[in-house]
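> In case you want the letters, here they are:
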Amino acid sequence: MEYFISLFILASINVILATSFNLILGYGGLLSVAQPIFFAIGAYCSALIAIYFDIPIFLSIIFASLIAGVFAFGVSLPSLRVSGDYLVVSTLGFQLGTLHIINNIEITGAAGGLSNIPPLISHPYRSLLTLLIVVCFAVLSIWMVRKIMRSAYGRAITALRNDEIAFSSLGRNPIRIKVLIVALSAAMAGFAGGIYSHYYLYITPEQFGIFATATLLTMVVIGGAGTVLGPAFGAIIITTLPEIITFLNLPVSIMAPLQGVIFTGLVLIFIFVKPSGLIGSTRGLDGLEIWKK
Amino acid sequence: MSEIEHSLETVNLTKNFGGKMVANHINIKFKQGFVSGLIGPNGAGKTTLFNLISGNIKSDYGDVYLGGKKINKMSDFQRARLGIARTWQMNRLFNSLSLIDNLIISQRSDYSDKSLSLGLFDFNRAKKDALYEDIAANLLKRVGLLDYRNSVPAELSYGQQKLVAIARALMNDGNIIMLDEPMAGVEGRTHNKIKEIILEEKTRKKTIIVIEHNMRFIREICDEGIFLVNGQIKAVDSVASLMNDVELTRIYFGG
Amino acid sequence: MFSSDILLQLGWTGLATSSFYMLFATAFALVLKVNQVWNFGQAGLMVIGYFSCYIFLQILDFFPLWAILFSILVTVFAGCCLEKYGFGVLRERKSPPLTFFIFSIVIAQFFVFLAELIFGTTPKTLYPSLNSKINLFYGIVITNWDLFALISSIIIMSVLYFIMKKTKLGYSMTAVSDNPELAEMYGIKKEYIYLYSISISSFLLFWGMYLFGTKAAIFPSTPLLQLLVFAVIATIIAGIGNVFGAALAAVFLSLLQAFSILLIPSKWQILIAYGLIFFIILFFPKGFVINLEVFKIKKNKGS
Ligand SMILES: Nc1ncnc2c1ncn2[C@@H]1O[C@H](COP(=O)(O)OP(=O)(O)O)[C@@H](O)[C@H]1O
Ligand SMILES: [Mg+2]
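Protein chains in written order, with the working numbering: chain L, 1 to 293; chain F, 294 to 548; chain V, 549 to 851.
Derived from the structure by calculation, the hints contain no laboratory data. Among the hints, a few may not be true.
Below are the SDA-like pairs computed for lysine to any residue, each with C-alpha atoms no more than 20 Å apart in a straight line [as the list claims (entries may be wrong)]: (1) V:K763 - V:I818; (2) L:K274 - V:P645; (3) F:K434 - F:D466; (4) L:K147 - F:K366; (5) F:K488 - F:V522; (6) F:K421 - L:R150; (7) F:K313 - F:T483; (8) F:K488 - F:R509; (9) L:K292 - F:N388; (10) F:K351 - V:I818; (11) V:K834 - L:I175; (12) F:K420 - F:N443; (13) L:K147 - F:F416; (14) F:K363 - F:R374; (15) F:K421 - F:E480; (16) V:K642 - F:S389; (17) F:K488 - F:N443; (18) V:K834 - L:G84; (19) F:K366 - V:P833; (20) F:K324 - F:S300; (21) L:K292 - V:G636; (22) F:K313 - V:Y719; (23) V:K642 - L:R150; (24) F:K366 - F:R418; (25) L:K274 - V:V637; (26) F:K486 - F:E513.
Computed, partial: chain L to chain V, Cβ under 7 Å [claimed, not checked]: (27) S90; (28) I175; (29) V261; (30) V273.
Residues from chain L that keep clear of chain F, each with C-beta distances beyond 10 Å, as calculated [unchecked claim]: (31) L7; (32) A11; (33) Y52; (34) I55; (35) F73; (36) P119; (37) C136; (38) A152; (39) S168; (40) L180.
Yeah, the Cβ is synthetic: ideal placement off N, Cα and C, and Gly gets one too.
Here chain L stands alone, though its shape is the one from the complex (with noise of 0.2 Å):
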């Protein structure tokens, strides 16, 4: 039971992480690959400060949900002034030299993990509660960028998507919008990342890199790219499917590299065969459909 129960918590904090995500990438037609490194800035930086200060775990959480925000900021806003191109580029080198410091400093426990993060419920149904705050969560960031999207402001996000050099030349700031919704998308993650750390009570760097990436990637494409549904049913089939292969008993060091086969596999027969993704409506305009112009 306990092992369900666990694992349909990490479907939801994927839930969390996949919805985020689509925010920037399927709407925002960005994309960022260091969307993982958020979740992991969310992950570290709240144990750390739920280690080092004495205040409420929750409110760590957001705290380093905050943080996360505002690396995405930084890192977002030099390159998208320049083109969509670099923030593929510069994520790219901030995923990399996050972990690479995360991997190397001894307070984040380097390569050997961080432990010892205490715990956001210590109550004898612990998991179960967890769950039920989580699928919370889940459900309100499926609901945030619902609202987003169909608001005047998600409007913009779809024009600016469809053409944004019409966009900015009718008088609108292409920039503050993508910024902002990078930033909100890497907060979302971060908070996930907090949620994450305080119930598994360790991480480790390895789950951060090029492998998180793809899952990642693996949860919007599937799911369908665009759709508010989409990415959050990838996130739950893509998290609970590998369980099966568990049985097998293979060692990790053949699971994880088969792990990422399969998902990158998907990927690529979905970019060919079936681009609307799963929930995505097949008249053409969802999953990675949704940018063309």
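Given chain L's structure and the hints, the job is docking chains F and V with the ligands onto it.
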């Protein structure tokens, strides 16, 4: 409104792309209540001149003045907010938005992207939109497309899309209107409609610049012609005398 | 403060290391210029090139020359498949740029994971022993590997320079990169040119991996996590469209990294490269070389 306040002027405006001069010390003054026709062979740099004025690209050298104020350092959206509106050869409509939303978002004081809450607490969109929705609907009516207000651009014909693009530029309600080949691929009723709109805007004392290849159209509506070749202004004169100029006609029609 | 011997030694080592960085950067910049894609899939081709060579040499026990030739064929073939069945299909569908990015990143990851699955996550070398004969030249250590790597890379780069500047193929590649539609009107088949450029790029990648693999052990993830980023940074330093500028930038990066050891501990060296990304994007978004041109023109006009 004084004449000076909204005059548009370029001084020595210069731009090169990889060594090729596409704007070469361009000096022009555009007059209020005047329709200027920008003509010249393909690749002459007409669209580039629009881009330099609207701020889509930055000049290497030279200045753009709006109402006596240098606007060189401003980005494209800042210039649009000063009332410089334009269209493109390829329309560039927002394909995922309905026509009415295409127009509403083009209001230069649109509130939507200024919200720091990213629309999360935007609970009365309809009420706020109502302000602009009337203006937008009126414009759609003016171009004869009110029936399509909830359609997306892909459902329209090419000519109708051109009309939407023009309506979108008018939504800015600025004093400078720049139209890039509004007549290309457009015939019959739409043709007359566009002509009618341009003349209406002229009577409202707007400064209008039109890039166009259709000489009949140029002759009918333009007060002056500006002849551009290889990024240089060859002549500024009445359209009739430009067309009588043997030398220019030869360059234009590639003798 | 530092003796001239140490400085010379660092300079030489940096230069020798730049042999393969130069090839990776050129390969990346060439495909970006001609095929107009940010080919992160290049890391996948590097994995394919390296591990096919590993199979031929260590498992099938081929004679090195044959192993090299076959691996070149495999890598070039993989590159052509990537172009024809990957980018080509997306291009035909008029897929948005984001789809290209996702595809190219994911394909790189796919091959890294595949290599980890097949060969494990431990580092692999191409030959059982990597000792290279050491020569002393006025107190500077110069290994045979250094000489072989540098000379072979310089020859390859010179041939490429000749191809780009003096042959019909080179002109066609430039024409296609400037304006694919216009090039077609002049009778250049752009699909073929794309295949040629990715073939050249694949060859450069293979040779870079071969050099790297005869000097150090490689993890399946090394191409993606370390080598690719260098190529990308060199490309943006030089400015997009500047193939040989990217090669020079790679040499610069390599020297910078070699000398940085004087000032910062080796484990932090790599951060200089990542930091450079932000420095370039902030201050020289068009790259150094193109920027220099702009300054020149401005000056002429001003005077
Ligand atoms: N962004 C750009 N980069 C490089 N060259 C450009 C760019 N935009 C336009 N050009 C070149 O500038 C010249 C003028 O183009 P343009 O202003 O579009 O001409 P026109 O509108 O008069 O037909 C053309 O040769 C074109 O190829
Ligand atoms: Mg034009």
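> Hint by hint, note whether the structure agrees.
Consistency of the hints with the structure:
no.: 1; hint: V:K763 - V:I818; in the structure: 19 Å, holds
no.: 2; hint: L:K274 - V:P645; in the structure: 17 Å, holds
no.: 3; hint: F:K434 - F:D466; in the structure: 16 Å, holds
no.: 4; hint: L:K147 - F:K366; in the structure: 36 Å, violated
no.: 5; hint: F:K488 - F:V522; in the structure: 26 Å, violated
no.: 6; hint: F:K421 - L:R150; in the structure: 14 Å, holds
no.: 7; hint: F:K313 - F:T483; in the structure: 37 Å, violated
no.: 8; hint: F:K488 - F:R509; in the structure: 11 Å, holds
no.: 9; hint: L:K292 - F:N388; in the structure: 9 Å, holds
no.: 10; hint: F:K351 - V:I818; in the structure: 36 Å, violated
no.: 11; hint: V:K834 - L:I175; in the structure: 18 Å, holds
no.: 12; hint: F:K420 - F:N443; in the structure: 18 Å, holds
no.: 13; hint: L:K147 - F:F416; in the structure: 9 Å, holds
no.: 14; hint: F:K363 - F:R374; in the structure: 15 Å, holds
no.: 15; hint: F:K421 - F:E480; in the structure: 37 Å, violated
no.: 16; hint: V:K642 - F:S389; in the structure: 17 Å, holds
no.: 17; hint: F:K488 - F:N443; in the structure: 25 Å, violated
no.: 18; hint: V:K834 - L:G84; in the structure: 14 Å, holds
no.: 19; hint: F:K366 - V:P833; in the structure: 18 Å, holds
no.: 20; hint: F:K324 - F:S300; in the structure: 6 Å, holds
no.: 21; hint: L:K292 - V:G636; in the structure: 17 Å, holds
no.: 22; hint: F:K313 - V:Y719; in the structure: 19 Å, holds
no.: 23; hint: V:K642 - L:R150; in the structure: 28 Å, violated
no.: 24; hint: F:K366 - F:R418; in the structure: 34 Å, violated
no.: 25; hint: L:K274 - V:V637; in the structure: 14 Å, holds
no.: 26; hint: F:K486 - F:E513; in the structure: 14 Å, holds
no.: 27; hint: S90; in the structure: 6 Å, holds
no.: 28; hint: I175; in the structure: 13 Å, violated
no.: 29; hint: V261; in the structure: 5 Å, holds
no.: 30; hint: V273; in the structure: 11 Å, violated
no.: 31; hint: L7; in the structure: 31 Å, holds
no.: 32; hint: A11; in the structure: 25 Å, holds
no.: 33; hint: Y52; in the structure: 31 Å, holds
no.: 34; hint: I55; in the structure: 26 Å, holds
no.: 35; hint: F73; in the structure: 13 Å, holds
no.: 36; hint: P119; in the structure: 30 Å, holds
no.: 37; hint: C136; in the structure: 17 Å, holds
no.: 38; hint: A152; in the structure: 4 Å, violated
no.: 39; hint: S168; in the structure: 4 Å, violated
no.: 40; hint: L180; in the structure: 6 Å, violated
Figure legend: structure checked against the earlier numbered hints; hints not met, in rising order: 4, 5, 7, 10, 15, 17, 23, 24, 28, 30, 38, 39 and 40.
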